[in-house]
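Assemble chain W onto chain E, guided by the hints.
Heads up: the protein sequence lines correspond to chains E and W, in order.
Reminder that position 500 of the first sequence reads as 500 in my numbering, one-by-one numbering, no gaps.
Reminder that position 209 of the second sequence reads as 209 in my numbering, one-by-one numbering, no gaps.
FYI, nobody ran anything at the bench for these hints, they're computed from the structure.
Cβ coordinates follow ideal geometry from the N, Cα and C atoms, glycine included.
Reference excerpt, derived from the structure (chain W facing chain E, CB under 7 angstroms, subset only): (1) L75; (2) L81; (3) D83; (4) F87; (5) V99; (6) H132; (7) R134.
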Amino acid sequence: MRGFVPSPQPSPLHQTRRGGGLLAIAIAVLLGLLPRVARAEPVLDVGSKRFTESYVLAEIVRKAAEDAGEARAVHHQGLGNTGIVFSALKAGNIDVYAEYTGTIARELLGHTVAADLDTLNRELAPLGLTAGVPLGFNDTYALAVRPEVAKSRTLRTLSDLAPHADLRFGFSQEFLERSDGWRALVSTYRLQAPRPRAIEHALAYKALVTGDIDVLDVYSTDPKVEEDHLVVLEDDKQIFPRYDAVLLYRSDLPTRLPRTWAALQRLKGSVDEKTMTRMNADAEVRGFGFDAIAKSFLQGPHADASGGVEQAVRPSFLARLFGGDFLRLTGEHLLLVAISVALGTFVGVPLGIWAAYRRRATQPILGAVGILQTIPSLALLAFLIPVLHRIGIVPALVALFLYSLLPIVRNTYTGLSDIAPSLRESALALGLPRGARLRLVELPLASRAIVGGVKTSAVISVGTATIAAFIGAGGYGERIASGLALSDNDLLLAGAIPAAAMALLFEAFFGVVERWVIPRPLRA
Amino acid sequence: MIDVQEVEKSYDRTVALAPTSIRFEAGTTTSIIGPSGCGKSTLLRIVAGLIEADRGQVVYDGEKLGAENVNALRLRTGFVLQDGGLFPHLTARRNVTLVAEVIGRGSVASREERVRELAALVRLPEARLANHPRDLSGGERQRVSMMRALFLDPSWVLLDEPLGALDPITRRGLQTELRSIFARLKKTVILVTHDMGEAAYLGDRVLLMRGGRVVQKGTARELAEQPAEPFVSEFLRAQRAPLDEEDAA
Chain E
1 MRGFVPSPQP
11 SPLHQTRRGG
21 GLLAIAIAVL
31 LGLLPRVARA
41 EPVLDVGSKR
51 FTESYVLAEI
61 VRKAAEDAGE
71 ARAVHHQGLG
81 NTGIVFSALK
91 AGNIDVYAEY
101 TGTIARELLG
111 HTVAADLDTL
121 NRELAPLGLT
131 AGVPLGFNDT
141 YALAVRPEVA
151 KSRTLRTLSD
161 LAPHADLRFG
171 FSQEFLERSD
181 GWRALVSTYR
191 LQAPRPRAIE
201 HALAYKALVT
211 GDIDVLDVYS
221 TDPKVEEDHL
231 VVLEDDKQIF
241 PRYDAVLLYR
251 SDLPTRLPRT
261 WAALQRLKGS
271 VDEKTMTRMN
281 ADAEVRGFGF
291 DAIAKSFLQG
301 PHADASGGVE
311 QAVRPSFLAR
321 LFGGDFLRLT
331 GEHLLLVAIS
341 VALGTFVGVP
351 LGIWAAYRRR
361 ATQPILGAVG
371 ILQTIPSLAL
381 LAFLIPVLHR
391 IGIVPALVAL
401 FLYSLLPIVR
411 NTYTGLSDIA
421 PSLRESALAL
431 GLPRGARLRL
441 VELPLASRAI
451 VGGVKTSAVI
461 SVGTATIAAF
471 IGAGGYGERI
481 ASGLALSDND
491 LLLAGAIPAA
501 AMALLFEAFF
511 GVVERWVIPR
521 PLRA
Chain W
1 MIDVQEVEKS
11 YDRTVALAPT
21 SIRFEAGTTT
31 SIIGPSGCGK
41 STLLRIVAGL
51 IEADRGQVVY
61 DGEKLGAENV
71 NALRLRTGFV
81 LQDGGLFPHL
91 TARRNVTLVA
101 EVIGRGSVAS
111 REERVRELAA
121 LVRLPEARLA
131 NHPRDLSGGE
141 RQRVSMMRAL
151 FLDPSWVLLD
161 EPLGALDPIT
171 RRGLQTELRS
181 IFARLKKTVI
191 LVTHDMGEAA
201 YLGDRVLLMR
211 GGRVVQKGTA
221 RELAEQPAEP
231 FVSEFLRAQR
241 APLDEEDAA
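With the rest of the complex left out, here is chain E (with noise of 0.2 angstroms):
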């Protein structure tokens, strides 16, 4: 796309020159990313998804594999949900994760009952993926109410809450769409409610104390459980498969890092479920940081992060707003919408000129890019790291990207189309060619809408761009992410708060761009 600038002192010549230096740029920033890319010591990836249990287990095998000195690990912090962490993991992006024997049976290879882990593995040989290292607990799905609602509807079992048709149902969207949630109670137990409310898991809690909803799911090493004093209601039909805690892994990790894996496997059996509820309070309830838990963990049964502290020291609010990574975080989050919002201008303005200039294309044009925008962006992720076998900035960068062709696209096209009729015909009867009647009369004129997409496709884009933590590609959504599974509104904060004013930055830089690009008479 060149020369929808229009210089101040134009030429035609002035004009190409500038576009192909934009293009020149976007092109060596892409190719500026690529070394990150590339890995030359051993390097061992370690995933986990978006609640504080996956966390901690990650930073343990992380920490432990570290500890032996093979190779570099790295923890790929609270990818999504379980669908993209499997994806990252069998396109090579991961090399293990803890999951749970349950999850694998029936999410993961599509079981309608538990099966053992022999059984799992032979079906997961073929993708080149083992499941090992039995951690030592159980965290099963279990559902919970709050006393005073057990106590006045005598609720002791799942069976007992057929006939109370009125409760409130709220769910991890996960466990509303797992075979082996929700739809396996409906049809165990003919429970009858009303449609269940689908709630962030970390938010769920609150939302039950506050009588908001009345049973929610739970894992059963949630310290919230205790700490609330909920009940949980026994699984007299036995629906939920035993969830044991294993190490999935890609087949090729013990020949790879052989003393690696050595340190992992002597994980095995190593955490039982009192030990893992009590290091999800450390990191929920006490505030400690995943790194303390796990090497404290490491250092032995009689260790404790909290080193004899009821309560870690929390930073002040300014400190962690500011604090350590607040510069990667910023850097990368930048990169990540300038980046989209370039390549979605140099595609979407050409798109929006299409759609404008041949009928035939407007409706199939617009109609793909509103699409585009209903996509939901987890499910979008999802489905980008097996096409890209990777995840990371990547996936990120082309979800974003197009995220950010609707309002580009749509007020290209109506700018162009909402151009004068006279000067349209103004311009073709002075003869000029086509190439100059675009370059120098219609995208000038369209030049307000043009800029103006541009403008809201970044700001919206600071926001969606939260969303690349969810895939490892970093940004502010990383403190947003792990406030979120830490129910820490101040860590949350930390991430919202700079979020919104890089927005706001990105507005105020785009009145620059209006007065250097849109011609004076035609400003507002």
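The following block gives chain W in isolation, referenced to the frame of chain E:
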């Protein structure tokens, strides 16, 4: 010379222009006049190649207008719209020189010389050309539009209600100037207007249209003295402005 041969145009089932053949003689000015919807604008736009005729052809000095030469012919044709059609994002000067710059006609110096010449012709102070169209008066805009139309020294000039949006006093002044410009340049000019006084004053010939067809072509005197049909006299009567009556008195 512009030769219009058996040209016709319909939109859906409405006939905008019935089969029409007219010759616009070289070096003369022809005014096309008629009530709204009579087809005068359609005829002008077909001649300019802005609208494609359903049938028939337009021949410019022996060269038949078609997709392959339309742009070359447009470069040899000046076109002025009612509101001037000036590009709001460019200065008046750049509006005037834009096409020459894009197609690389003449040197920078020769273009500047041409601007000076045309500014003198349309009697516009050159300093005004530094303004954007929105900072010019209606009359000034039409002068700039005229400069733009004449910049490449076209063989033909087409004007669609060029003075239609101006106040009466400005309009009067510009009519006088246009007449002297046409007389001086001796170009083949086709001017669409709805004002009979203007048509008669500016045109060597007047072409009266109604309902998509040509009713009569001739000098203003011929139309008045030998009307081809009653509508001609009726139209002339309806068009007589109070001022003209005062002049006559």
